[in-house]
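The listed protein sequences derive, respectively, from chains Z and W.
For the first sequence, the positions run 1 to 268 when UniProt numbering is used.
For the second sequence, the positions run 1 to 268 when UniProt numbering is used.
No wet-lab data here; the hints were simulated from the structure.
Take the hints with a grain of salt, since some may be wrong.
Just so you know, same-sequence chains aren't split out, so a pair can sit in one copy or run between any two.
As a list, the in silico DSSO-like pairs of lysine-lysine whose alpha-carbon atoms are at most 30 Å apart [unchecked claim]:
| hint | residue 1 | residue 2 |
| --- | --- | --- |
| 1 | K245 | K83 |
| 2 | K67 | K83 |
| 3 | K262 | K245 |
| 4 | K178 | K245 |
| 5 | K67 | K178 |
| 6 | K67 | K170 |
| 7 | K178 | K12 |
There are 2 protein chains.
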Amino acid sequence: MTIDVLVRNNVKVLGSGSQTIVFAHGFGCDQDMWRYIVPNFMDNYRVVLFDYVGSGQSQIDYYDAYKYSSLQGYAQDVLEIMKALDLRDAIFVGHSVSSMIGMLASIQSSNYFRHIVMLGPSPRYVNDLPSYYGGFDRRDIDELLEMMQMNFIGWSSYLAPIVMQNSERKELTDELEKSFCSRDPHIARQFAEVTFLSDCREELEQASVPTLILQCSDDSIAPVEVGEYLHAHLKNSRLQQMTAKGHYPHLSQPEETSRFIKDYLQSV
Amino acid sequence: MTIDVLVRNNVKVLGSGSQTIVFAHGFGCDQDMWRYIVPNFMDNYRVVLFDYVGSGQSQIDYYDAYKYSSLQGYAQDVLEIMKALDLRDAIFVGHSVSSMIGMLASIQSSNYFRHIVMLGPSPRYVNDLPSYYGGFDRRDIDELLEMMQMNFIGWSSYLAPIVMQNSERKELTDELEKSFCSRDPHIARQFAEVTFLSDCREELEQASVPTLILQCSDDSIAPVEVGEYLHAHLKNSRLQQMTAKGHYPHLSQPEETSRFIKDYLQSV
Numbered sequence: 001m002t003i004d005v006l007v008r009n010n011v012k013v014l015g016s017g018s019q020t021i022v023f024a025h026g027f028g029c030d031q032d033m034w035r036y037i038v039p040n041f042m043d044n045y046r047v048v049l050f051d052y053v054g055s056g057q058s059q060i061d062y063y064d065a066y067k068y069s070s071l072q073g074y075a076q077d078v079l080e081i082m083k084a085l086d087l088r089d090a091i092f093v094g095h096s097v098s099s100m101i102g103m104l105a106s107i108q109s110s111n112y113f114r115h116i117v118m119l120g121p122s123p124r125y126v127n128d129l130p131s132y133y134g135g136f137d138r139r140d141i142d143e144l145l146e147m148m149q150m151n152f153i154g155w156s157s158y159l160a161p162i163v164m165q166n167s168e169r170k171e172l173t174d175e176l177e178k179s180f181c182s183r184d185p186h187i188a189r190q191f192a193e194v195t196f197l198s199d200c201r202e203e204l205e206q207a208s209v210p211t212l213i214l215q216c217s218d219d220s221i222a223p224v225e226v227g228e229y230l231h232a233h234l235k236n237s238r239l240q241q242m243t244a245k246g247h248y249p250h251l252s253q254p255e256e257t258s259r260f261i262k263d264y265l266q267s268v
Numbered sequence: 001m002t003i004d005v006l007v008r009n010n011v012k013v014l015g016s017g018s019q020t021i022v023f024a025h026g027f028g029c030d031q032d033m034w035r036y037i038v039p040n041f042m043d044n045y046r047v048v049l050f051d052y053v054g055s056g057q058s059q060i061d062y063y064d065a066y067k068y069s070s071l072q073g074y075a076q077d078v079l080e081i082m083k084a085l086d087l088r089d090a091i092f093v094g095h096s097v098s099s100m101i102g103m104l105a106s107i108q109s110s111n112y113f114r115h116i117v118m119l120g121p122s123p124r125y126v127n128d129l130p131s132y133y134g135g136f137d138r139r140d141i142d143e144l145l146e147m148m149q150m151n152f153i154g155w156s157s158y159l160a161p162i163v164m165q166n167s168e169r170k171e172l173t174d175e176l177e178k179s180f181c182s183r184d185p186h187i188a189r190q191f192a193e194v195t196f197l198s199d200c201r202e203e204l205e206q207a208s209v210p211t212l213i214l215q216c217s218d219d220s221i222a223p224v225e226v227g228e229y230l231h232a233h234l235k236n237s238r239l240q241q242m243t244a245k246g247h248y249p250h251l252s253q254p255e256e257t258s259r260f261i262k263d264y265l266q267s268v
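Please put together the full structure from these sequences, using the hints given.
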């Protein structure tokens, strides 16, 4: 049986232009999270959107707990999407865990990638002190995962305001809480576990595609130390500090987010 | 904006034949639950499958908490699907709460319906003693809904074996548990509330479409008394007792389920 990758991952292709730009959503989100960014690129780029299996309107039947027990499973799907669309030298914009998924994919097949833009990336969320500060104790992550298991709805309403920041704009938190709760809790929990326990530090030195690291302010998921670590260990990388607060600048500050991506692409 | 009903409800049309048969899934399920039944009808019928909004691969963006705060919202969607497919005199097979959804739709527009087959139906789940026995105390339902809110994953693994029966066939319980957990917990909880607190007893006398009531054995959701009540209050109804145990005979005993539906359709 051949898999229809474009259906499986609910792939959408918009806009026109000879240069393709792929936007990849993060944990607990889907392609709709890019809706404020996409209009800024549609005139000059061919825009590709998709949902990871288990997220958004992907075909949930393809969810495979073994395949998706590591970020490599998701990276494989990114490559399959790029192959199905016959992409070469695309720009890949990944939010959060998608930054590392894109990087892993680029290590495997760098010809698909011209540039990578990482939005709020982290190669490892759990501290590995004294050499590495990720922002989380292992115990914090275990508690979060246990809360997902025991009280999924409560977990989403607990986490959303912490990671969104921008508390004066309640609609942002509401959207995120709703998004966290929009899919299969078992799948969400496994994706959370795979994300928050991932460690891509060793792979950083194998990456070669030029990369922009967009570092948010007051980001409880990916603190400034993590952005600096990434920049130091990732060849051909540029680090850009944003004024946008929280882990979802594409929702909270889409203008700044779009501008930094465009500025980078024009400068390279 | 016109709504593409066939996309919204992930409508699939299979098989051939001049007579159309619509299969409507119940709470916590989707159209895939009919997969053992459909092959038995595809040669002689045009088979229509769909997912209610919020279930399966429906377009979750169309979920509207107000519209779906009563079964009438779902009945409206059934009619919209039938209209979009230009159906007349179709056979409607509804599992569980879909039996009542189909009946409500048929009261509004009977011309779409030739026959209705109700699989494990109940016009009211909560007891209204001494005149009506539905099988549940109101307190049972409230506890179930609270459990969904507080521990969604725990709720699904608690409920699945109770309603599936057939404990020696663990794969059935596993599938149901997975299905219960396959969508947005907020939506699932509202659908549960709307289902388990529904009361369609007054509407029974307005229904006129000839109906087969398939009564399961050892069904903790729809006990025998409920089937008998329905038969007594529903004009043109036939009551058929099944040997199939539990609330999901289309999964656990697809041969018997298909045979009773076929026998009924051939006899009328």
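Here is how each hint holds up against the structure:
no.	hint	verdict
1	K245 with K83	neither (35 Å within a copy, 48 Å between copies)
2	K67 with K83	within (19 Å within a copy, 41 Å between copies)
3	K262 with K245	within (20 Å within a copy, 62 Å between copies)
4	K178 with K245	within (20 Å within a copy, 37 Å between copies)
5	K67 with K178	both (26 Å within a copy, 18 Å between copies)
6	K67 with K170	between (36 Å within a copy, 24 Å between copies)
7	K178 with K12	both (22 Å within a copy, 28 Å between copies)
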